[in-house]
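Chemist: Residues per chain are reported as follows:
There are 2 protein chains.
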Amino acid sequence: MKQIQGGVTAAKGFQAAGIEAAVKYRDRKDMALIYSETPCVAAGTFTTNVVKAAPVLWDQRVVKESPYVQAVVANSGIANACTGKEGLDCCEAECRCAGELLGISPDSVLVASTGVIGRQIPVDRITEGIRKLAAAKSHTLEAGTDAAKAIMTTDTVEKEIAVVFEISGKTVTLGGMCKGSGMIHPNMCTMLAFLTTDLQISKQMLQKAVSADVVDSFNMISVDGDTSTNDTLLILANGQADNEAILEEGADYDTFCEALHFVTTYLARKMAGDGEGATALFETKVVGAASKEDARTLAKSVVCSSLTKAAIFGHDANWGRILCALGYSGAQFDPENVDLWFQSVSGSIHIYGNGVACDYSEEEATKILSDPEVTVLVDMHMGEQTATAWGCDLSYDYVKINADYRS
Amino acid sequence: MKQIQGGVTAAKGFQAAGIEAAVKYRDRKDMALIYSETPCVAAGTFTTNVVKAAPVLWDQRVVKESPYVQAVVANSGIANACTGKEGLDCCEAECRCAGELLGISPDSVLVASTGVIGRQIPVDRITEGIRKLAAAKSHTLEAGTDAAKAIMTTDTVEKEIAVVFEISGKTVTLGGMCKGSGMIHPNMCTMLAFLTTDLQISKQMLQKAVSADVVDSFNMISVDGDTSTNDTLLILANGQADNEAILEEGADYDTFCEALHFVTTYLARKMAGDGEGATALFETKVVGAASKEDARTLAKSVVCSSLTKAAIFGHDANWGRILCALGYSGAQFDPENVDLWFQSVSGSIHIYGNGVACDYSEEEATKILSDPEVTVLVDMHMGEQTATAWGCDLSYDYVKINADYRS
Chain A
605 MKQIQGGVTA AKGFQAAGIE AAVKYRDRKD MALIYSETPC VAAGTFTTNV VKAAPVLWDQ
665 RVVKESPYVQ AVVANSGIAN ACTGKEGLDC CEAECRCAGE LLGISPDSVL VASTGVIGRQ
725 IPVDRITEGI RKLAAAKSHT LEAGTDAAKA IMTTDTVEKE IAVVFEISGK TVTLGGMCKG
785 SGMIHPNMCT MLAFLTTDLQ ISKQMLQKAV SADVVDSFNM ISVDGDTSTN DTLLILANGQ
845 ADNEAILEEG ADYDTFCEAL HFVTTYLARK MAGDGEGATA LFETKVVGAA SKEDARTLAK
905 SVVCSSLTKA AIFGHDANWG RILCALGYSG AQFDPENVDL WFQSVSGSIH IYGNGVACDY
965 SEEEATKILS DPEVTVLVDM HMGEQTATAW GCDLSYDYVK INADYRS
Chain Y
605 MKQIQGGVTA AKGFQAAGIE AAVKYRDRKD MALIYSETPC VAAGTFTTNV VKAAPVLWDQ
665 RVVKESPYVQ AVVANSGIAN ACTGKEGLDC CEAECRCAGE LLGISPDSVL VASTGVIGRQ
725 IPVDRITEGI RKLAAAKSHT LEAGTDAAKA IMTTDTVEKE IAVVFEISGK TVTLGGMCKG
785 SGMIHPNMCT MLAFLTTDLQ ISKQMLQKAV SADVVDSFNM ISVDGDTSTN DTLLILANGQ
845 ADNEAILEEG ADYDTFCEAL HFVTTYLARK MAGDGEGATA LFETKVVGAA SKEDARTLAK
905 SVVCSSLTKA AIFGHDANWG RILCALGYSG AQFDPENVDL WFQSVSGSIH IYGNGVACDY
965 SEEEATKILS DPEVTVLVDM HMGEQTATAW GCDLSYDYVK INADYRS
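If you're matching them up, the sequences are chains A and Y in order.
When we follow this note's numbering, the leftmost residue of the first sequence carries the number 605, and every step to the right adds one.
When we follow this note's numbering, the leftmost residue of the second sequence carries the number 605, and every step to the right adds one.
Simulated from the structure, these hints should not be mistaken for laboratory data.
Watch out, some of these pointers could steer you wrong.
Where chains are identical, the list cannot tell them apart; a pair therefore holds if satisfied intra-copy or between any two copies.
[Unchecked claim] Cross-link-like lysine to aspartate or glutamate pairs, in silico, EDC-like; alpha carbons within 20 Å at most:
#1 LYS774 <-> ASP943
#2 LYS606 <-> GLU968
#3 LYS628 <-> GLU966
#4 LYS606 <-> GLU862
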């Protein structure tokens, strides 16, 4: 497997576009299209929030019922959540419009929205936007980047990646893009992510791979503990790589899962590091846990702790908050048997062991905590299980961004 | 029942003191003593964090094993958490010293600490502090206030209250004090709270009353979702009101529970409103829930949502975040059947119903959200159960306070 340039247009037969539709934002791209020249099998995972946005309800049905999918239309600015029947009517209008303009069935169109909750999307603007998208769509890498830019809300950079790998002697490409960066918390992690691949695979195996993967990728990140109403991960596979179709588990499936995990983890880390107001990516690796479930719970608890996040922002080696967050996670352990390290490109220091603080240098700790990527390594000494979670620090800018997000 | 002046010295036979011991802070009171002239039955509830501070481990044993308790020694500045054997030795030294100076058994002394985790308490300073406390102790209301000031960390005001009520023809007094204001999250809510009463009651019934009460008082507040290592609620009852002893449930027990709930709710609200960096008390009342458990879960989820808290700080009627927080709480419901109101002394506006936004005035909403106490009323229309949770907004100052708390 090898990383290459590009995003959602990297795989064969995929086109994309990102344009300005003024759905809510002005003077920036706010609508994206992903289009496959041939029908795709599609799979998806969606928010577990009881309050689901209209596009989530819409896509859940399409992914389940439509045998093939050929396009995704997404907008930023307005989430189309808590919008009642009018919100679902908007999804229908989008699919009908996109179907007509792209010459495909409306049932093969997926939709996604992100932005402020509770406001209705102006349907005339969004259909006019689809017209522009259909005209602008292209297979270039730039078109993929335009799409990645168009789905951003409070993100500061677009997030895309592509990889190639071999399946039954054929080169397969997998590309993706995603956006954060507030209301980011697992289950399904609060975000939009779109993956495209020319892999030939059954719908069932595609769904299986994605569902298994998110548990240790997107669902292991948190910016603020708020699980959104709009979380959506969609993957489209059009089969143009012409590999022997993956219809069951085996070596080919494993190769795909490995590439998938590389891509989703890359995007998840980007999302965490670009969390609202973030100045640092904050990673927590738990090793030696008694169970996988415990490892995940412990790692997640640390990256979700407001106090720990504020300390990371302040480059303050306040490790007591980390131990505290492990302690209230719900996992059982003996605090006397835990070891903690702070790590970054600047080095690694042992900070807690045998139930008390180690004799570390505060200066060295501050240096490590001043790097843009900071890792807390936790050894529970209870077993062999590991997990990694990703978050970011809590800064003044998080408050600033969210105190008046709607205006 | 009637509220009166005072705090922990309001009830008959109780004395207190607050003095400067320079445990960590300089030029401010940082050690408190509560002393009863006669032996008390005691009850307590403690943090559920796996990582328990030394004084928590110590007090759990004393409350369980000692038939009578007569004093509480508390310090702020250092939490005596993650301090290993040396931390427990410190507790022992405190109790021995206090026992000698007060002329009581060391087994009848409780200890409590709050502040930074992972640092050892200088035992010489704390024993010198106990000497000062023993000399300064007094039954005046000022002495109670001194004690309330001495347990403060990032709190901006001391928090105390006292009430009187009648039991079997006798006037009983119940007083209390507590401190917040970071690492505040239930189970047992992250805090120190000390209650004193001259009620005559069995230890068993006292524990029963306190354990039942915290579920709907202290455990319903959250400042930042971090459950501390040090949470401690202690109540001492010395029987000097000379009422017929409460030995079982009944009218007398109910009268006491009512007074207890008034006092704990008062202190809990004070703690939430004085959360780190808070500019407003943020209350969420859930009515019409299917079960009590659901009502509590829903109310807590809203006051814990970082995004909602930031919106309250910005006086921004971003109700979508509230619906989102209800949705990921874990409770099941139909979003189309929920009604939301914003309320304050300035008025009440219906903001969401029938699955969409109501036609409310943003100006009026901003006015309500600019008051120092803001309530979100949520009607689930699913049953008769209710719950109220208390939190505060998320401000720049929360980040400021916690980015460099240790220095």
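Chemist: Please write out, lowest number first, the hints stated earlier that are contradicted by the structure.
Modeler: As far as the earlier hints go, 1 and 2 are violated by this structure, in ascending order.
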